[in-house]
Amino acid sequence: MNNRSNLILFLSRSTSIWSRNIRVWSKLAGPSLMGNFGESLLYLLVLGYGLGKFVGKVEGLPYEAFLAAGVICTSAVNSASFEGMYSAYTRMEVQQTWLGMLATPIGVAEVVLGEILWGATKSLISVCAILVVATALGLVENAWAVFILPIVFITGLCFSALALLVTSRAKSYDFFLYYTTLFITPMILLSGVFFPIDTLPDVVQWLAKALPLYHAICLVRPLMTGGDLSFILLHLFVLLAFATIAGVWATERIKKRLIK
Amino acid sequence: MNAVKPSSSVVASNLCKVYNGVHVVNNLNLIIEEGSFCGILGPNGAGKTTTLRMLLGHCPIDDGELLVLGYSMPKNAAIVRESIGVVPQMDNLDPDFTVKENLYVYGRFFGLSANVLDERIVGLLDFASLKDKAESKISELSGGMKRRLTLARALINKPKLLILDEPTTGLDPQARQAIWQKLRELQKQGLTLILTTHYMEEAERLCDRVIVMDYGEMMADAPPKQLIKDEIESHVLEVHAVKDELVNKLKQDSSIARFETSGDIYFFYGHKLQYALDVLEKSGHDDYLFRPANLEDVFIKLTGRDLRE
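Line order of the protein sequences matches chains V and R.
The opening residue of the first sequence carries number 1 in the working numbering; numbering runs sequentially from there.
The opening residue of the second sequence carries number 261 in the working numbering; numbering runs sequentially from there.
Honestly, the hints are just simulated from the structure, not real lab data.
For every residue, glycine included, the Cβ atom is placed at its ideal position computed from N, Cα and C.
It is possible that part of the hints are untrue.
Short, incomplete list of chain R residues facing chain V, as computed with Cβ under 10 Å [to be verified]:
id	residue
1	Cys276
2	Gly281
3	His283
4	Gly317
5	Cys319
6	Ala337
7	Ala338
8	Glu342
9	Asp356
10	Phe369
11	Arg413
With beta-carbon atoms standing in for the labels, derived distance ranges [to be verified]:
id	chain 1	residue 1	chain 2	residue 2	range
12	V	Gly35	R	Thr429	53 to 61 Å
13	V	Asp174	R	Glu461	42 to 50 Å
14	V	Ala136	R	Glu395	50 to 58 Å
15	V	Leu200	R	Pro320	44 to 52 Å
16	R	Arg444	V	Arg23	44 to 52 Å
17	R	Glu395	V	Lys57	54 to 62 Å
18	V	Lys260	R	Gly383	34 to 42 Å
19	R	Gln441	V	Val146	55 to 63 Å
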């Protein structure tokens with residue numbers, strides 16, 4: 001077999017895992033959508049319009065429009081992270097679904113890629129729903145906003161890979177609270193979701209810039225509000241670099257955990 | 261990809277697996293011929309499951325060589341697993357799917373097309389006596405049905421080798437016999453089967469060859485009847501709750517080859533044991549059992565009476 005047909009085989013096996021997860025999701029879509037999309041929408045409406053009255057304009061934008069881009073990215077982060085932690089852990093340990101997959105020609109790397117693709121798809125699903133509402137509320141400036149979708153997918157790849165890396169070490173569901181409390185929540189608060197980060201001390205700004213969410217917001221906000229995009233490749237590079245490194249590392253760790 | 265010896269499904273030479281300095285599998289040499297039904301017995305921690313995991317490429321090999329279906333492992337694990345079916349110890353059916361969907365989704369993991377699967381699923385539901393349950397959720401199935409579905413799922417890729425890790429643990433006798441019947445049917449169709457079990461009766465009835473493992477080593481390897489004939493005396497007399505005085509009298513039987521106690525049960529192994537039986541008859545003590553030796557007696561002789569936990 002040559003490299004090309006190996007790659008096709010690899011991708012088609014990963015896709016079979018992705019489509020298994022889609023099938024499960026389609027049965028439980030109601031509560032799942034509610035969880036990821038309902039909460040984000042509440043933030044957008046309550047903070048955007050409630051707090052917006054006091055805040056006025058931010059970076060020349062109405063606060064709700066400024067916030068909408070942040071909420072969209074946060075939703076992508078949360079959807080992918082939840083999938084990569086709680087759902088993936090259930091499949092790895094509780095239901096032993098992965099072990100079942102590994103009794104077929106599928107290998108650990110294919111399982112991990114399938115799960116990462118699926119987590120990113122979950123991000124895409126919730127963001128689509130929010131984007132529809134945001135458009136209805138007049139928070140989307142022009143049709144360039146469709147390019148938010150690939151950005152959100154890449155953001156999803158990044159955060160589901162990171163979540164799987166956490167899952168590879170997890171001994172129970174409680175373990176995930178460390179990651180959400182010590183990493184995800186501070187990152188969301190400091191990456192420019194709710195306010196521009198240039199008000200923060202330099203050190204904190206540098207920290208935010210070293211994390212992927214900031215870069216997702218830098219791409220999504222101009223696309224949504226009709227602003228100017230800059231450093232596109234740099235932002236994409238950071239997101240993809242996190243995704244790749246976390247994905248490869250997660251694969252190694254999960255291999256050690258399951259193939260022992 | 262060195263395909264050799266097509267007539268042997270498994271060839272293990274000096275196979276070793278070490279966890280934390282302990283040899284879980286120690287210099288295992290094993291050849292399993294195509295079409296045979298091989299049972300692996302052993303106390304908990306004997307290395308049975310580890311051996312099965314190595315066959316699947318789920319466990320790196322520390323030393324030795326392993327060929328499965330002619331391919332060296334674990335290098336060719338993906339190719340080998342295309343032709344293996346697995347019934348794992350713990351059920352891992354997809355609880356979110358129906359019976360039919362479980363088979364379908366699993367078949368997709370092998371890259372089988374929807375058309376092929378639709379056809380195979382009809383046959384497998386019939387084989388597993390689950391035709392009426394095709395649209396049922398997993399939570400609606402009994403333990404026996406779940407195991408039959410797991411067995412059907414393991415056959416979705418038309419495997420050449422079927423690996424079963426304690427397939428009937430926790431089932432009631434009817435459900436167990438139903439599984440046995442299916443397994444015998446599969447052997448008739450020419451499948452090679454490897455099974456681990458804690459039920460001696462299961463191994464005795466199904467397997468044409470039994471391997472007893474302990475501490476990662478092979479203690480015996482023969483057809484079950486042969487094993488009973490070679491490894492142990494022909495009969496066992498079990499005497500329960502008896503006074504020492506009577507025990508001493510029983511021991512005077514010169515045909516007793518071996519004697520063991522476990523709690524308040526005395527085991528006398530031998531061929532006729534006529535004298536001991538006469539003594540019991542006269543004493544009026546009726547709490548005893550005289551029976552032909554079975555595989556469990558062989559198992560206990562080889563692996564001891566100590567608890568393994």
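Structure-based check of all given hints:
1. Cys276: The hint is violated - R:Cys276 has no Cβ within 10 Å of chain V, the shortest such distance being about 15 Å.
2. Gly281: 15 Å, violated
3. His283: Status violated, d = 15 Å.
4. Gly317: Holds - the Cβ of R:Gly317 comes within 10 Å of chain V, reaching about 8 Å at its closest.
5. Cys319: 7 Å, holds
6. Ala337: Because about 7 Å separates R:Ala337 from the closest Cβ in chain V, which is inside the 10 Å limit, the hint holds.
7. Ala338: 4 Å, holds
8. Glu342: Check passed: Cβ of R:Glu342 comes within 5 Å of chain V, closer than 10 Å.
9. Asp356: 5 Å, holds
10. Phe369: 4 Å, holds
11. Arg413: 8 Å, holds
12. V:Gly35 x R:Thr429: 53 to 61 Å: With Cβ atoms ~37 Å apart, the hint is violated.
13. V:Asp174 x R:Glu461: 42 to 50 Å: 43 Å, holds
14. V:Ala136 x R:Glu395: 50 to 58 Å: 39 Å, violated
15. V:Leu200 x R:Pro320: 44 to 52 Å: 48 Å, holds
16. R:Arg444 x V:Arg23: 44 to 52 Å: 35 Å, violated
17. R:Glu395 x V:Lys57: 54 to 62 Å: 57 Å, holds
18. V:Lys260 x R:Gly383: 34 to 42 Å: 36 Å, holds
19. R:Gln441 x V:Val146: 55 to 63 Å: This hint holds: roughly 59 Å between Cβ atoms.
Violation of the numbered hints given earlier is confined to hints 1, 2, 3, 12, 14, 16; the remaining hints are satisfied by the structure.
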